Structures are given as C-alpha cells and as structure tokens.
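Peer 1: If you want the building blocks of each chain, they are given just below.
Number of protein chains: 2
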Amino acid sequence: MQYHLNGYQGRDPAIAAINPDCSGRMDNVDVAVVGCGPAGLTLAAQLAVIGGVSVRIFDEKDGLPAYGQADGIACRSMEMFEAFGFAEKVCREAYQVSETTFWRPDADGGILSRADRIQDVEDDLSHMPHLILNQCRVQDFYLETMRKSEIRLEPDYNRRLVALTCQDGSEYPVQGVFECLDSNGGLETVQAKFLVGCDGARSMVRKSLGYELEGGAARQIWGVMDVLAVTDFPDIRLKCAIQSGDSGSMLIIPREGGYMLRMYIELGELRGDERASDRGITPEILERRARKILKPYAFEVREVVWFSAYEIGQRVCDTFDDSANHEDKGRLPRIFIAGDACHTHSPKAGQGMNVSMADAFNLGWKLSLAIRGIAKPDLLNTYSRERREKAKELIDFDRDMARLFGQKPKTPEETALFQRYFQRHGRYTAGVETTYGPSLIVGHGKRQNLAAGQVVGKRFHSAPVVRLSDARPMQLAEMLKADGRWRIVAFADSRDTGEKDGRIAGLCGFLESDANSPVLRYTPKGADIDSVIDLRSVFQRKHRDLDIGAMPKLLLPAKGRYNLVDYEKIHCAYTKVGMDVFDLRGIDRNFGALVVVRPDQFVAEVLPLDDYSALAEFFSNVLVEANR
Amino acid sequence: MQYHLNGYQGRDPAIAAINPDCSGRMDNVDVAVVGCGPAGLTLAAQLAVIGGVSVRIFDEKDGLPAYGQADGIACRSMEMFEAFGFAEKVCREAYQVSETTFWRPDADGGILSRADRIQDVEDDLSHMPHLILNQCRVQDFYLETMRKSEIRLEPDYNRRLVALTCQDGSEYPVQGVFECLDSNGGLETVQAKFLVGCDGARSMVRKSLGYELEGGAARQIWGVMDVLAVTDFPDIRLKCAIQSGDSGSMLIIPREGGYMLRMYIELGELRGDERASDRGITPEILERRARKILKPYAFEVREVVWFSAYEIGQRVCDTFDDSANHEDKGRLPRIFIAGDACHTHSPKAGQGMNVSMADAFNLGWKLSLAIRGIAKPDLLNTYSRERREKAKELIDFDRDMARLFGQKPKTPEETALFQRYFQRHGRYTAGVETTYGPSLIVGHGKRQNLAAGQVVGKRFHSAPVVRLSDARPMQLAEMLKADGRWRIVAFADSRDTGEKDGRIAGLCGFLESDANSPVLRYTPKGADIDSVIDLRSVFQRKHRDLDIGAMPKLLLPAKGRYNLVDYEKIHCAYTKVGMDVFDLRGIDRNFGALVVVRPDQFVAEVLPLDDYSALAEFFSNVLVEANR
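Taken in sequence, the protein lines are chains A and B. Start counting at 1 in the first sequence, then tack on 90, and there's your number in the numbering used here. Start counting at 1 in the second sequence, then tack on 90, and there's your number in the numbering used here.
Hints were generated in silico from the structure; no laboratory data involved. Model, not experiment: these values are computed from the prediction. Heads up, some of the hints might be wrong.
If chains are identical, the list can't say which one is meant, so a pair holds when it fits in one copy or spans any two.
[Said to hold, decoys possible] Here are the computed lysine-lysine pairs in the DSSO-like style, where the Cα-Cα straight-line distance is at most 30 Å:
| no. | residue 1 | residue 2 |
| --- | --- | --- |
| 1 | K238 | K179 |
| 2 | K666 | K643 |
| 3 | K632 | K666 |
| 4 | K632 | K385 |
| 5 | K615 | K571 |
| 6 | K643 | K385 |
| 7 | K615 | K590 |
Start from the sequences and build out the full structure, keeping to the hints where you can.
Peer 2: Encoded structure:
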C-alpha cells in the first residue's frame with residue numbers, strides 16, 4: 091500500500107480523505123445504483139474508490155441479509171478483490187478448494203467408490219486460490235471499502251424502485267422514483283447522469299426498459315442445502331461430484347469455517363407446467379436423498395442453515411443497456427443492467443456471483459472515466475457488447491454442464507467423459523478465460539508474439555517479480571489497483587538496464603516529452619503524472635545488477651504536494667527457477683514488449699516497446715485531450 | 091479459521107459470543123493491566139481471546155496516540171500476530187525489510203559507497219517476514235481483537251495509577267487506586283487477583299514494588315526522526331547502515347506507505363552530567379547532520395513526522411514480579427511488570443516493542459491457566475525467570491551493538507567486522523533465538539535428536555504441510571492459535587499410515603483410554619476433548635496415499651453441541667523438493683517424534699512417540715487434575 095504521500099495522516103491508511111464535492115446524500119448524482127447484491131456493491135465500490143464521482147446505491151431490503159446463496163469465489167474474483175484491497179480478508183475466512191474428487195459405483199459390486207481426484211486449480215492459472223465464502227461476507231467487505239472511500243458511501247436501504255424514466259437533454263436525464271419502505275413512507279425521486287440496475291433476476295430496471303430474459307428452463311429440478319452434518323464419507327471436506335447408481339447425482343461443496351457443507355442434489359425432471367416450488371421440497375426430503383446417494387456411508391444432518399429447490403434455467407437479455415430503445419445509434423447509453431438482472435443460470439458451476447461482479451467491474455471504470463471527462467463517452471457502448479458475449483458463453487457452458495451433470499453415467503467411459511469435461515472447464519470456471527473482442531479498448535494483437543502469455547482481450551496474468559527499490563518479492567498484480575488508471579507495463583529487452591541508450595529510456599523519453607505522448611496529452615494539469623496512465627517497467631536483470639540512479643525519471647516520478655519520489659514503478663524478474671516472468675508469460679527476450687492494461691486489469695494491446703505511434707493512436711481513440 | 095461449530099452464526103466469524111460472566115466493567119477482576127502500550131495490549135488481548143477470565147486495562151492517556159515511536163516488527167512478532175489472527179493486516183500496510191546495505195567511504199577517494207548488501211532475513215528462519223509499521227497500527231489491531239472477544243474488552247482511559255497494595259489472604263488481594271483524569275475526576279479503586287504493570291520506563295507499578303532499573307547509560311547521544319524527504323541516495327528504500335568518514339553513523343529504516351523513512355543519527359558523546367534533552371536537538375540539526383553523512387547525495391526533508399533525541403542506555407530490573415518483596419518462597423506472585431517497565435535499551439535493534447510483546451505473550455496464558463484452575467499456580471513463577479534472562483541477554487546484545495555502531499570504522503577490516511556482527515545478529519533480532527531453560531514447563535530435551543529442528547525451549551518452527559481432509563497447503567503454524575491450549579504434535583514414522591498397528595494409533599489409544607492419559611486427566615467434564623491439550627499429527631506419506639477413514643478417532647474428534655467432526659488435526663508432508671517438514675525440521679524418519687508445544691508456541695519437550703509415561707509425567711508437573 092502507498093500512503094502518506096501528502097503528509098502523515100492518521101491511523102488506518104485505507105480511510106481516504108473526504109471529498110466534499112461528491113459525498114453526502116444528493117438528489118442529483120452522477121451514478122445511481124439499484125441493488126446491493128454483489129454486482130451493485132462491486133460497481134458502487136469501484137466508483138467510490140476511484141473517486142471524483144457522486145454515487146448513491148439503493149436496495150429495497152432493510153439491510154444486508156445475514157445469509158446469501160452464492161458462495162463460490164473464482165480465482166479471477168479474488169484477483170479483483172486484491173485490486174480492491176480485501177483479498178486477504180476473504181482468504182482468511184474462506185474454504186480453499188484444492189482438489190475435486192469423483193465418486194461412482196465401482197465396476198464390481200456397484201459400491202460407491204472414489205473414481206478419481208484432480209487438482210482443482212491448475213498450476214499457474216492464477217496467483218489467487220479458488221475459495222468458498224458466503225456472499226454476505228463479500229458484501230461486508232465491499233461495504234467497508236465504500237465506507238472508507240472519499241465519498242463515505244453507505245447504501246440507502248428500504249428504497250424500492252417504482253418508476254424509471256430517461257429524458258435526454260438535461261445534465262441528469264435519468265429519473266428514478268423510489269418508494270420508501272421504512273417508517274417515513276412516501277416517495278423519493280433521484281436524478282442521475284447514469285443508472286445501473288443490479289436488482290436481480292426480477293429486475294425492475296430491466297422491466298422498465300421493456301427487456302426480457304430470453305431462454306428456457308431445462309426442466310430439471312435440484313435441491314440445495316447448507317448444513318452442519320455428521321458423516322463417515324471420507325471426502326466430506328473436498329469438493330465432490332457423486333454420480334450414484336440409481337439415486338441421482340450430488341455435488342458436495344465444503345464451506346468456510348471447517349464444519350458446514352453445501353450439497354446440490356438432483357431431484358429429477360419437472361412434469362408439464364410444474365414448477366420447482368410445487369414439489370414441496372423440505373430439508374428432510376433432501377437429507378433422505380443425500381443419504382441414499384451416499385450409501386453405504388452414514389449421513390446425518392444436525393442443523394439446516396439454508397435450503398432451496400430450483401429448476402435449472404439459462405436465460406439472458408438481448409442487450410445490457412438502454413440503447414436498443416433508441417433510434418439514434420450515436421446516443422449515449424444512460425441506463426444499464428448487470429448481474430442476475432441480465433443473465434440467470436444454475437448455481438452449480440459457481441459462476442453467478444463471479445460473473446455478476448465481473449459485469450460491474452467492467453462497467454464501473456468506464457462510467458468513472460466518462461463522467462470525469464477523461465475518456466470519450468463512446469467507451470460506454472463497449473459494456474453491453476463485452477458482457478453480453480460473456481453471458482451467452484456462460485449460458486452455453488452452463489447448459490452443457492447441467493446436461494452432463496443430470497445424466498446417469500451408464501459406463502465408465504461416460505463417467506470419464508464427465509470428469510474430463512469438469513476438468514477442462516476448471517480454467518473456465520476460474521474466470522480467467524474471459525476474452526473481449528477487438529473494440530476501441532481492445533486492440534487486434536498483431537504483435538501478440540512479443541508477449542504470448544499476456545493475451546490481448548484477456549486479463550493481465552500476474553507473475554512474481556522483485557521490486558528494484560526495496561528488493562521486495564511480490565506479484566505484478568499488486569500494482570493493478572481498482573483505481574481507474576490505465577497501465578503501460580514495459581517489459582525490457584535482455585540488454586536493457588534502464589540506461590540512456592536502451593528501449594525503456596527511449597519509451598520514457600517519448601512519454602515524457604513528445605507532443606504525441608499519451609501521458610502528456612491526457613493527464614490533467616496539476617494531476618500526478620501517473621494519474622491517468624501509469625507506466626511500470628519490468629527488467630530481465632537481477633535487481634542487484636541494476637542501478638536505480640540510472641533509471642529514467644518517469645519511472646521515479648515526483649508526486650503529491652511535496653514532490654516525493656514514487657519508488658514502486660520498477661520491477662525485476664525473480665530469477666528463481668520457474669519464477670521468471672519473462673519465461674512464465676512468454677515475453678520476447680530480445681525485443682521486450684509493451685503491454686497496455688485497462689483499468690479492469692484486461693490486456694488492451696501488446697506492442698513493440700518502440701512503436702510510439704501505435705501507442706499514441708490506441709489512447710487517442712479512447713481518451714480525451716486534457717485541458718493542460 | 092474454524093467457526094459455526096455450534097450452529098451457523100451471523101456475519102463476522104471473528105466476533106465471539108459474549109461471555110456474561112466475564113464481560114462488563116467490574117470492580118473485582120481476575121486481571122488488571124496497567125498501560126495500553128504493546129505489552130499491555132498483548133496481555134489483555136491474549137486473556138480476552140483465551141476467555142473465561144475477567145480483565146480490565148487502564149491507561150492514563152485519553153486514548154491511544156496517533157503516533158508511536160516503535161516500528162520494527164520482528165518475524166517472531168509476526169508469528170505471534172498470526173496466532174492472534176491479524177498478521178495479514180500488518181503485512182498489508184507495512185514495509186517489508188528484504189535487504190540491508192552497508193555504506194562507507196571507499197578506499198580511493200573516500201566517497202560514500204555501497205560496501206555490501208545482505209539478505210535481511212535468512213532463508214527458512216521464519217515463515218513470516220520482517221516488517222516495519224507504526225506501533226499505533228499494531229495497537230489498533232489488538233484493540234479490535236479485544237473488542238471482538240467474548241468479553242468485548244475496551245480500555246479504561248484517563249486512569250492514572252496512584253496507589254498499589256497487595257494483601258494476601260483474600261480472593262482479590264491486589265488493590266489499585268486510580269485517579270480519574272477525565273471530567274468526572276475522583277478516584278476509582280479496583281481489586282484484582284493479579285495486576286500487571288505494562289506502564290513503561292517510568293512504571294508506577296515498578297516504583298510501588300520499590301524496584302529500580304539497574305544499569306547505565308553509554309553516554310552516547312542519538313537523534314531519530316521520521317520524515318518525508320527527497321533524495322537521490324539510491325538505497326533510500328532499503329535498510330542501510332551508513333558509516334561516514336567523519337560525520338558519524340546513521341541507520342536508515344524505510345517506513346510503511348512507500349514514502350516515509352526513519353533515520354537514526356549519531357550525535358556524539360554526552361559530557362559530564364549532560365542529558366540528551368540538554369542539547370536542544372531540533373529537526374533542523376538532524377537534517378543537517380543527515381545531509382553531511384549522505385554527501386555527495388542530496389537530501390531534503392519535506393515534512394518532519396516525528397523526532398526525538400535519546401541517550402543509549404541498557405537497564406533491567408532484578409525481578410519481574412513481587413516475589414522478591416516476600417519472605418515466603420512458596421507464595422504466589424500477584425503483581426508483575428512487563429515491557430519497558432522492566433527493561434530499557436536503545437531502539438536501533440528494533441527490539442523494544444518486540445521484546446515487550448513477547449514478555450506479555452509469555453505471561454498471559456500462564457495467568458489464564460492458573461486463574462481458571464487448569465494449571466498449577468506455580469506456573470506463574472516461571473514468568474520472571476524466563477523473561478528476566480531474555481532481557482539481560484538483550485541488554486548485552488544491545489550494548490555490543492551500540493558500541494559497534496558508535497565506532498568510527500578506521501579500516502575496511504573494522505567495517506567488515508561490523509557487517510558480520512550485524513548479519514550474525516539478524517537471527518537474534520528476528521526474535522527466533524529466544525531459548526528458555528529447563529523448568530516445570532521446559533523439559534531437558536534428552537531426546538532432542540528425534541526432532542533436531544524443533545529445539546526444546548525455543549519457539550516451534552513452522553514448515554509447510556498439506557492438510558489431509560481438504561488437501562490444503564498450509565503452514566503448520568496456522569494451528570498454533572493464541573488460545574491457551576497446549577499442543578502435542580505427533581510426527582509419524584515412515585511406515586505409519588494412521589492405521590491400527592502404528593505408533594500414531596498407539597499414542598491415540600493411550601491418550602483416549604489410559605488412566606494416565608493427560609488428555610483424560612486434565613480436560614474438564616463437558617469440555618471439548620481438545621480444549622486443554624490439542625493433539626495434531628503430521629504424516630510422512632503424501633495426502634493422497636492416506637485413508638482418512640482409517641485414522642484414530644482422537645484425530646477426528648467430535649466436538650460442540652452437535653458432535654461435529656473436527657477435520658483439521660491431520661497433516662501430511664508437502665513433498666515438493668525443499669518443502670518436506672521432516673527434512674526441514676530434522677524429524678527422525680524411522681521413529682518419528684512427539685513435540686509438546688506450550689500455549690505461547692514454545693517447544694516444551696521432544697519425546698519418542700511411545701514414551702507415554704514421560705508424556706504423562708510432563709503434564710502432571712504443570713496441570714491440575716480436572717473434576718470429571
């Protein structure tokens with residue numbers, strides 16, 4: 091963490107100085123967020139942490155419930171939590187998924203047996219683990235993040251959206267009318283530049299736009315319960331996929347705290363118009379079924395913490411913003427939907443909360459940059475395109491998964507097929523396979539060969555490095571804060587020591603003084619030089635072989651009111667075997683590579699270190715000339 | 091973290107259920123702590139976390155100040171913070187000391203040059219890093235820990251101890267009278283079973299006992315300041331020891347947040363009766379001197395966050411409890427002193443806060459076990475003995491260090507000598523070399539050969555393992571919570587798989603059913619079987635080669651109101667090269683080893699796995715037969 095830049099201040103460095111312009115409850119806000127679920131809180135927290143934007147967030151409940159149904163936290167979500175600064179809190183409380191085992195009747199007597207076990211997250215997929223933790227705790231961490239931000243954001247509870255309109259032309263064109271469900275009663279009207287519906291599968295925002303979730307249910311019914319239970323089933327603290335001979339399938343997910351577990355239990359097909367709720371599913375029914383599936387092992391529930399029954403369905407909205415309702419294609423989208431409001435699917439792949447948060451994380455920085463005049467408003471059109479594609483892919487995946495999971499494996503080959511599918515998709519469910527297509531913020535990757543492992547359109551893949559100034563071993567990802575900044579990560583060629591004749595110095599020279607430098611063009615007057623575009627470098631040499639005194643000034647920028655030097659921009663490869671970022675990420679050792687990273691940690695483009703005009707052009711498409 | 095054992099409960103699992111018997115402000119308490127510095131808070135937090143004991147903690151200030159002078163956090167202190175559950179919070183905010191560099195005039199022109207650089211913490215010294223963080227943040231984390239404990243402990247501020255007496259015979263023999271410095275005024279009298287003075291170098295508790303700190307000052311004066319500054323000195327973000335040609339010595343310690351740094355600056359000898367305060371040291375004087383030492387590098391202070399001048403002195407109290415004031419040698423000590431109240435020394439070795447917290451961590455569990463009737467009161471006599479010896483050793487070390495630091499290096503040989511000394515003592519300053527001599531809680535280590543790397547009298551040395559139940563890679567130290575429990579760590583022999591004929595099963599058989607079993611003899615009726623002595627095992631086999639179903643029941647104990655199984659007792663070696671705990675800690679592969687660990691994480695004894703009588707005898711010396 092970097093702090094005390096503008097003088098020593100107080101105790102908890104996570105508490106930002108209040109920004110009086112954007113804090114407090116206003117009737118006119120830059121962004122109104124409807125819904126305090128994981129998507130809404132991710133969005134609100136991101137806007138609050140970046141700062142400079144006024145935000146309100148509403149929920150019809152009277153507070154956050156003490157139990158939420160989502161629990162799976164993909165590696166990619168942990169990477170995002172790290173950007174927000176609370177990954178280690180999640181780690182501390184969560185269950186860590188290390189292995190998955192597969193059970194089925196054995197070939198001999200049909201006795202339930204462990205058929206296979208696999209590593210849950212393949213090596214070097216992410217520097218973060220796959221975890222299980224109640225979504226309420228994740229929400230708590232977001233609330234804390236919002237509370238400590240410069241706008242001291244707190245949700246407005248007991249506010250149900252009852253009307254939503256948008257009248258182009260005014261500064262705050264979106265009008266939301268909320269019914270006050272607390273003792274005061276009455277209505278509250280809020281005007282906003284933008285409004286985002288994160289209000290779940292029955293989204294009022296989506297309905298106001300006249301949109302529907304398209305798709306169908308698979309007519310399979312599943313029960314789910316979180317329990318404290320006693321069993322002699324040996325893998326009860328491992329993630330298990332169990333396919334019994336004739337009692338259906340079950341998925342066991344151990345939960346946080348060491349005692350609780352979640353079970354997803356197959357309950358058969360729905361008939362005719364039947365709904366899951368018609369079945370009158372009780373915890374006792376689920377326990378009986380679980381016992382049957384687990385036979386010959388004993389299983390006894392001691393406390394039912396939560397249970398539900400649901401039918402599998404995959405549905406998605408055609409578009410995630412209000413542009414479809416307007417003829418004018420150049421018009422700015424003003425209303426967005428995110429999370430369950432625009433896509434629903436079965437919970438077993440553990441994707442719901444993760445994909446919803448990823449929606450919001452895609453949108454938040456775009457809103458912030460557009461509102462603050464740093465980026466062109468056109469940026470906002472990329473949200474629906476990028477996330478709709480992701481949602482459709484998720485739904486296809488989920489349909490395959492649900493189908494396979496519901497099948498009775500008749501042969502060992504069928505079971506093996508299921509296992510392979512499960513394994514292959516570990517990468518997918520980890521959330522690191524999301525790829526955004528070319529747009530004004532994703533390049534064509536023509537020079538992808540310079541950094542084969544930093545794929546254009548995918549998230550920047552962290553690796554271990556050593557910081558030059560203090561010799562600290564760290565992950566590159568530690569620099570990728572959720573602060574709304576673009577990053578240029580310059581990987582040096584093998585000869586480069588940062589000195590005058592090298593490519594890194596050349597790049598810094600361009601960025602520091604050329605009229606086309608995006609750093610100069612887009613950074614507002616008086617702002618720190620890294621406040622819009624943050625340059626970082628990674629050298630191939632060991633840190634002890636480099637001289638920090640010879641480094642270009644742009645890598646040691648003077649910042650803040652005292653012009654203190656920021657010493658955290660320069661990194662070196664960690665030269666232990668198997669830990670070198672240049673090997674791990676396929677960086678061209680002869681030429682190095684320049685990787686442009688979006689504020690949401692996605693790789694926007696890979697370029698040669700000296701292709702200054704391509705670099706300048708990339709940013710000219712998205713950023714707005716600053717008033718210097 | 092383990093939680094939800096007795097049912098799902100609420101949100102933050104760190105918040106314990108209130109214990110109505112011990113919470114609330116009482117006039118009669120089990121333990122009164124005087125002073126809210128690092129020692130007092132460590133003690134109060136430990137008592138609060140273990141639970142079952144009423145505590146009050148007083149301080150004459152009106153709250154904790156926003157700045158404290160201590161900043162170094164040794165690896166050993168981080169291990170202790172991990173036991174309290176806040177190590178990762180400290181990590182997140184702190185500066186990590188990775189390397190130390192040494193500067194002196196070079197042989198040619200006398201220009202200041204880097205003579206050497208060394209790794210700060212040698213490999214495998216501790217699984218925790220060496221960090222720098224303002225003591226106020228550490229105190230904040232303790233306050234949070236106390237606040238979330240079952241007694242919801244908050245300090246009583248504005249209370250100055252004015253009188254202290256002890257009248258043996260009654261249940262609450264210690265009487266402390268406090269002057270109320272807040273608006274109410276008046277006096278408050280508190281009766282306690284035990285009182286601990288953690289009230290600093292001018293300790294009122296120590297004075298009440300009639301004790302003095304013995305020793306002398308070295309008559310050297312040093313200045314210290316925390317600053318935000320600008321310099322082109324290249325190692326400004328590394329810990330540096332600088333010995334200039336003729337301007338004295340300086341130590342630079344980079345601080346948390348990336349910009350601040352601490353400087354210890356030599357200012358020469360004191361004359362006659364002169365005191366450090368007589369010199370009228372100002373930040374300007376310190377800055378000028380620093381600039382001279384750093385020449386030819388530029389150095390300019392932009393903000394002085396804190397400064398002070400001090401003379402080096404090493405002083406220690408003869409005894410750390412009130413027993414010296416009483417003829418009766420069998421009498422229980424009732425009043426203790428800890429931290430700066432019983433030893434002072436120079437700050438440069440970064441030992442002050444660390445040794446003070448270690449004092450308290452040595453005492454807290456002893457008080458808790460004695461008060462709750464689990465251990466024999468005689469245990470309390472070990473505190474003064476163990477910690478006085480440590481303090482004396484520290485003072486000798488500090489004297490050597492101060493002398494060496496103050497010397498002008500005349501030759502490269504002298505500089506090299508200084509560097510070697512500095513390096514050799516890294517181990518010492520990391521806090522992991524503390525060794526307690528034989529007593530009723532430290533054995534003679536006759537079978538030390540069975541576990542050469544778990545030294546009797548030193549802290550249990552963590553290593554990576556894999557947990558059997560959930561395949562989670564972790565550190566063994568994660569199990570060593572600050573919960574007042576003794577631990578038996580049973581390292582299995584190479585053949586053992588936990589099955590019936592093995593040594594682990596034999597040990598479990600003894601502990602589960604033999605009349606001499608310390609687990610049976612000392613665990614109160616109705617308490618969980620691991621609540622006094624917690625058995626853990628570590629197998630040599632890979633976790634995939636072991637069958638959890640074949641493990642002895644004592645390693646899978648049923649606990650809490652639901653008799654849920656605790657799955658976190660069984661570990662396996664992590665078989666990656668260089669990561670195997672049996673190799674790392676020199677465990678005898680043929681015979682295995684049994685390591686008894688004290689509640690403060692120190693190794694009490696190493697025994698053969700099947701020497702049941704030695705194990706029984708060890709515990710019979712310290713624990714009290716439970717009323718079963």
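Peer 1: Up to 30 Å between alpha-carbons, please classify K643 paired with K385: within, between, both or neither.
Peer 2: Classified as between: cross-chain Cα gap 21 Å, same-chain 68 Å, threshold 30 Å.
Peer 1: If the cutoff is 30 Å on CA atoms, where do K632 and K385 land: within, between, both or neither? Let me know, please.
Peer 2: Cα proximity of K632 and K385: across copies only (27 Å, versus 58 Å in one copy).
Peer 1: Within a copy, between copies, both or neither: which one fits K615 and K571 at a CA-CA cutoff of 30 Å?
Peer 2: within (23 Å within a copy, 52 Å between copies)
Peer 1: At most 30 Å between alpha carbons: which applies to K666 and K643, within, between, both or neither?
Peer 2: So K666 and K643 pass the 30 Å test inside one copy only (29 Å; across, 43 Å).
Peer 1: At 30 Å max between alpha carbons, let me know whether K238 reaches K179 within a copy, between copies, both or neither.
Peer 2: both (16 Å within a copy, 16 Å between copies)
Peer 1: Reference check for the pair K632 and K666, CA-CA at most 30 Å: within, between, both, or neither?
Peer 2: Both ways: K632 and K666 sit 10 Å apart in one copy and 25 Å across, limit 30 Å.
Peer 1: Within a copy, between copies, both or neither: which one fits K615 and K590 at a CA-CA cutoff of 30 Å?
Peer 2: within (27 Å within a copy, 76 Å between copies)
Violated hints for the displayed structure: none, as all numbered hints are satisfied.
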